[in-house]
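Engineer: Sequence:
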Amino acid sequence: MGFVTSFGAHIVAVNLPFYAEKVGISLTMIGVLIAVYDFAEILAKPVFGGIADKKGMKKAMLAGIILFILASLLYPFIPPKLLIVVRFLQGLGAAALSAVSLAMVGNFYKENKGKAFGIYNAIKGAGYVVSPIIGGAIVLKSNFSGIFYASAGIGVLALLLSLTLPNDKVKGCETFDDDDDDFSLKTLFGVFGNKTLMPWFLIIVINMFFVGILFGFLPVRIHDLGYNPVQTGLLVSITTVSYLLIQPLAGWLADKINTVLTLRIGMLLSCLATAAIPFVTGALLVVVCIIAGIGIGTVWTNSDALVSRLASEKQMGATMGVAGSFKELGDMVGPLLMGAISQALGLQWGFVICSVLGFAALMITIIVAQKPAGKNDQ
-17 MGFVTSFGAH IVAVNLPFYA EKVGISLTMI GVLIAVYDFA EILAKPVFGG
33 IADKKGMKKA MLAGIILFIL ASLLYPFIPP KLLIVVRFLQ GLGAAALSAV
83 SLAMVGNFYK ENKGKAFGIY NAIKGAGYVV SPIIGGAIVL KSNFSGIFYA
133 SAGIGVLALL LSLTLPNDKV KGCETFDDDD DDFSLKTLFG VFGNKTLMPW
183 FLIIVINMFF VGILFGFLPV RIHDLGYNPV QTGLLVSITT VSYLLIQPLA
233 GWLADKINTV LTLRIGMLLS CLATAAIPFV TGALLVVVCI IAGIGIGTVW
283 TNSDALVSRL ASEKQMGATM GVAGSFKELG DMVGPLLMGA ISQALGLQWG
333 FVICSVLGFA ALMITIIVAQ KPAGKNDQ
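Counting from -17, one number per residue, gives the positions in the sequence shown under our numbering.
Bear in mind the hints are in silico, worked out from the structure with no lab data behind them. Owing to the predicted nature of the structure, the values given are computational and were not obtained by experimental measurement. Yeah, the Cβ is synthetic: ideal placement off N, Cα and C, and Gly gets one too. Errors might be hidden in some of the hints.
Capping the alpha-carbon separation at 27 angstroms, the derived lysine-lysine pairs in DSSO-like fashion look like this [stated by the list, open to error]: (1) Lys123 <-> Lys4; (2) Lys63 <-> Lys4; (3) Lys92 <-> Lys40; (4) Lys296 <-> Lys37; (5) Lys296 <-> Lys40; (6) Lys92 <-> Lys238; (7) Lys296 <-> Lys41; (8) Lys92 <-> Lys296; (9) Lys92 <-> Lys37; (10) Lys40 <-> Lys123.
Label-pair ranges, simulated between beta-carbon atoms [unchecked claim]: (11) Phe90 <-> Ile66: 15 to 21 angstroms; (12) Val269 <-> Val242: 25 to 31 angstroms; (13) Glu93 <-> Leu243: 15 to 21 angstroms; (14) Val112 <-> Asn210: 42 to 48 angstroms; (15) Leu142 <-> Leu216: 32 to 38 angstroms; (16) Met180 <-> Pro201: 17 to 23 angstroms; (17) Lys238 <-> Ser8: 50 to 56 angstroms.
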């Protein structure tokens, strides 16, 4: 399910220039078509998480994958300019897949959460890697509509695999109490009111800043150095591979040692490496990018594991949904902030200031940890 969300997002996004050429849309509209998928996820992840807590994890996840499949199959049969509707509906379905599958990992794996989330996120991350290759081949050999059949096909495979998961536990009559309609407000206010979770949500947002910086502005830095497209692609790929491969190892390490400590070390590595990117070249730049990827992957996996540990089991879906919304928020705001700073002050300052923000978030988690826990933090 995690793979479906990343695959569905990027197989379309990377091929939008071909769509723009065919339909005739502006660069601004390309940005909107990319953002609307994330926007739908921001809105829907906490809601689907709350539904999963109340109605059942497996049911909510299956509803999400069915919506994703139907939305993908819709595009070939409607006017091409309605792609924005398809992307929004795909995003709604992906919101359920992403939030609920994370929550199910948290519920199924009481022990070794770090390792479990590491494997999950590595597989999800693989969707970002293979989707541009598969999507490009489909568009080259067929047409833009073909990538939606591919998305639906991957969705059907995930649906069939998910049918083998354990059924939701049968609930009593309380499932149909009169307060079912206000589950979202009660649950979400409970999550946002948990002071223990908020510093880690901040870490999640900043980590997504670093993701946007590495995969959006690292190529800009490489281009400024005069590297050719092959060298640029190779360096970005090395960074991506380090980010993917570290996640199971970082999760396993956190299980053996300490999740919070491992996460903080990962954030520190991300801050230092990102700040160093505009000041190094050649082999040293390769090393710095690998370290940045390791830091981001370590934080990504262990922030999921930590939030699931801190969450109430009855609010697992809503909590992971809110965490997912913060990820999408960081994914959207990070590149905008980096772009604005770089435009005003230069690319070097963009890297450095965003690194300082990451370090500030890290310090907040340390300061909060020193304070006595209140009633809401137990």
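Engineer: Could you run down the list of hints and mark each one as holding or not?
Structural biologist: Hints, verified against the model:
no.: 1; hint: Lys123 <-> Lys4; in the structure: 16 angstroms, holds
no.: 2; hint: Lys63 <-> Lys4; in the structure: 10 angstroms, holds
no.: 3; hint: Lys92 <-> Lys40; in the structure: 18 angstroms, holds
no.: 4; hint: Lys296 <-> Lys37; in the structure: 11 angstroms, holds
no.: 5; hint: Lys296 <-> Lys40; in the structure: 15 angstroms, holds
no.: 6; hint: Lys92 <-> Lys238; in the structure: 14 angstroms, holds
no.: 7; hint: Lys296 <-> Lys41; in the structure: 16 angstroms, holds
no.: 8; hint: Lys92 <-> Lys296; in the structure: 14 angstroms, holds
no.: 9; hint: Lys92 <-> Lys37; in the structure: 21 angstroms, holds
no.: 10; hint: Lys40 <-> Lys123; in the structure: 37 angstroms, violated
no.: 11; hint: Phe90 <-> Ile66: 15 to 21 angstroms; in the structure: 36 angstroms, violated
no.: 12; hint: Val269 <-> Val242: 25 to 31 angstroms; in the structure: 27 angstroms, holds
no.: 13; hint: Glu93 <-> Leu243: 15 to 21 angstroms; in the structure: 18 angstroms, holds
no.: 14; hint: Val112 <-> Asn210: 42 to 48 angstroms; in the structure: 24 angstroms, violated
no.: 15; hint: Leu142 <-> Leu216: 32 to 38 angstroms; in the structure: 36 angstroms, holds
no.: 16; hint: Met180 <-> Pro201: 17 to 23 angstroms; in the structure: 33 angstroms, violated
no.: 17; hint: Lys238 <-> Ser8: 50 to 56 angstroms; in the structure: 51 angstroms, holds
In terms of the numbered hints stated before, the structure departs from hints 10, 11, 14 and 16, listed from lowest to highest.
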